[in-house]
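2 protein chains.
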Amino acid sequence: MVLRLDAGDPGFEQGFLALLAQKREVSVDVDEAVASIIAGVREQGDAALIDYTARFDGHTVAPAGLAFTADEIDRAVAAVEPEAMAALRLARDRIEAYHRAQVPQDHETTDAAGVRLGWRWNAIDSVGLYVPGGKASYPSSVLMNAVPAKVAGVERVVMVVPTPGGELNPLVLAAARLAGVDEIYRIGGAQAVAALAYGTQTIRPVVKIVGPGNAYVAAAKRRVFGQVGIDMIAGPSEVLILADATANPDWVAADLLAQAEHDEAAQSILITSSPDLAEAVAAAVEAQLATLPRAEIARASWRDHGAIVTVPSLEAALPLSDRIAPEHLEIEAEDAEALAARVRNAGAIFLGSHTPEAVGDYVAGSNHVLPTARSARFSSGLGVLDFMKRISVLRCDPASLAAIGPAAVTLGRVEGLEGHARSVAIRLEASRRADAGA
Amino acid sequence: MVLRLDAGDPGFEQGFLALLAQKREVSVDVDEAVASIIAGVREQGDAALIDYTARFDGHTVAPAGLAFTADEIDRAVAAVEPEAMAALRLARDRIEAYHRAQVPQDHETTDAAGVRLGWRWNAIDSVGLYVPGGKASYPSSVLMNAVPAKVAGVERVVMVVPTPGGELNPLVLAAARLAGVDEIYRIGGAQAVAALAYGTQTIRPVVKIVGPGNAYVAAAKRRVFGQVGIDMIAGPSEVLILADATANPDWVAADLLAQAEHDEAAQSILITSSPDLAEAVAAAVEAQLATLPRAEIARASWRDHGAIVTVPSLEAALPLSDRIAPEHLEIEAEDAEALAARVRNAGAIFLGSHTPEAVGDYVAGSNHVLPTARSARFSSGLGVLDFMKRISVLRCDPASLAAIGPAAVTLGRVEGLEGHARSVAIRLEASRRADAGA
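Which chain is which? The protein sequence lines are B and Y, in order. Quick note: the first sequence uses this note's numbering, first residue 10, plus one each step. Quick note: the second sequence uses this note's numbering, first residue 10, plus one each step.
Quick caveat, the hints were computed from the structure, so don't treat them as lab data. Cβ coordinates follow ideal geometry from the N, Cα and C atoms, glycine included. Among the clues, some could well be false.
[As the list claims (entries may be wrong)] Covered stretches of chain B, going by a simulated chain Y footprint (3 or more residues, C-beta under 8 Å):
| # | stretch |
| --- | --- |
| 1 | 54-64 |
| 2 | 107-119 |
| 3 | 390-396 |
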């Protein structure tokens, strides 16, 4: 039975807190193993990569075979059904258009004191993209990570993907080709992260590493952070649906299950102002589970982490939603727009009954890499800014330094940093002498 | 003797690599102690805070005395010299103006397919600002962290600052008042970070924690990450100066020493196309050290981490500068503008001979919290975006879902996520039936 809460019950706050505090991930301590793998790659380079790949992925590769060749990628692209290729191309184009609007503007101004100041954005030089192997090897994730990097202007996007038993989904290579990925290596795990961070004879290091992975990959990313930049560490996926009596219970159930089928740790929550809808959705979930291919996973997720919460009004649901800070928030209600305008914490909002979250996973254009585990309270989904950095630029001339410099001298002195004060004062004095001499 | 490198020497690349690889920080392993302090605060709340404060800061405080009162802040403000107060006010106003230009725009568009999509930025609900105690208690850092948070629209900015022996620099309270900080607590160390992350009876938790601190504070921030957001972990400060024969050696030396006086682990590097300037700067550094109050610290930094590099031209210095990715980059050269335009990796650029870095530390308006330890390759200085997050917003109607939905169904199926496909297909079928019925 799925968890049922009613905001009118006296025990509600306690039940809601327990839901918020639910631990959905077993943290596996793989840190020592990962440290040794990283050390191995740093010391032995390609030889270690080949060794770990034989051991963990069960296939033998020569140094010259670490990279996929253009021919191999051509063959993979040729093996993809035209319909799938067209869908990937539509997704690529829409993701590109959406993210192009995120490219930030440089800024420069000369203020009243004559100080010229502003900033300049530019792309990170090179980025590594980790793509999981096997069943979690999603071509859509390749697009969602690589396209924004290319839109940002990253010159070198390097993909790594393990090929257990030598096998790889050709769609992943096709997506990489469509996204403009520059190099692709058949390696995975902590060894791939180490190769991206430190380089080997074959693989030049990158400056930042993004993309999801298992516990080994996550631990490796944490360890190489500093040497390179990393993106957020993604947790299990989640959806919160706010729905009123106008919502279609079958559609709501389908959306809850689309989330639940990801993995057993996924979380699907419905908050509704309609007790009737609550009942209808609960029944529809059971009915749809009967024919869902991944029913076993979806059932476990729904049973262990799902919830249906009834509230007096969806107004009353907003503070609950902000506390959950869901990765995905669907609002299927009459006043969806007004409610959405008041949401403060969410990764992405899907408005109205005709916007299933899955359309955002694939083809809407917005990014599907979104903050999980309540981190939407303080962070954003993946975007172009994650592949750029801002350099601030400042220029004074003698007159503008004379205008603002004395305050810097004062503050340097009160902070006990006389050297700071002097570096300004030495110029102010020279200007004064020059003026006096003139 | 400071390290001297010449780009023309055969051993140059090796020497430069050694300079890049220099480890300037001793990492102290305080993780176990920090874990126990955090657990203490989570279990005992205020009582633990009071206990740790007595133990580590050597003064006794009652729960009611944890927060600074408005009266105490008034008295601190009254104790500050008018000249210092005016300098702080100038700094505050300029920082506010600079950061106001960083407030990002929301975006919304309806594309050719009829899909409405875009994003909305909003402020993080609450932010904790860590301010170190004792000598490193800098009012300028209070402004640099708190003003951008307030410009972003953060409703609740909470400052924590340890008061060893009960003492606090009144300038820190004055800066907090000027920046609009909402609550100030006299606590520090890992216990303060724990209180901000988890809350106590007196202190409500915040959503993100920013600000510099010692090894305990850094370890605590790493540990509470996830529960709350954190900013980057700052390393020792650094400056790189690119200068040609037109630069004033006394000014260059003053700027190198302004950096070196921060702490022994700070780094000051000069790269110059003029061997004469190199000699003159080396001599000027020694001469200025003779009268610098913090000469002992600055001398150790210059001796252990400083460097003077000669290059055939400043053009040739640009790739070296990008590899260093300095926190602060000064360009004191005839063609400073042209050179600056080609810089890819730096926290901030200070252009021309009249822009000492210290003016940026205090009053220029740009932020002085900048990426250290080569992380300018992949990250930016602190800004308004660090206190905001972006929610993506998506809306389809039946027509636009009919346009892009089939591709989502295809991709869901090829990824083996039938539930994803069905959540779209169920709506497409309903629309088709409705159309057929109409």
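| Coverage criterion applied to the stretch 54-64 of chain B (partner chain Y; beta-carbon cut 8 Å; 3 residues) | Result for this restraint: violated, n = 0.
| query | Per the coverage rule (Cβ-Cβ under 8 Å, at least three residues), is the stretch 390-396 of chain B covered by chain Y? | reply | Coverage by chain Y holds here, the residue count being 3 at a Cβ distance below 8 Å.
| Given as covered by chain Y, does the stretch 107-119 of chain B meet the bar of three residues or more with CB within less than 8 Å? | holds (count 6)
Checked against the numbered hints above, the structure breaks only hint 1 and satisfies the rest.
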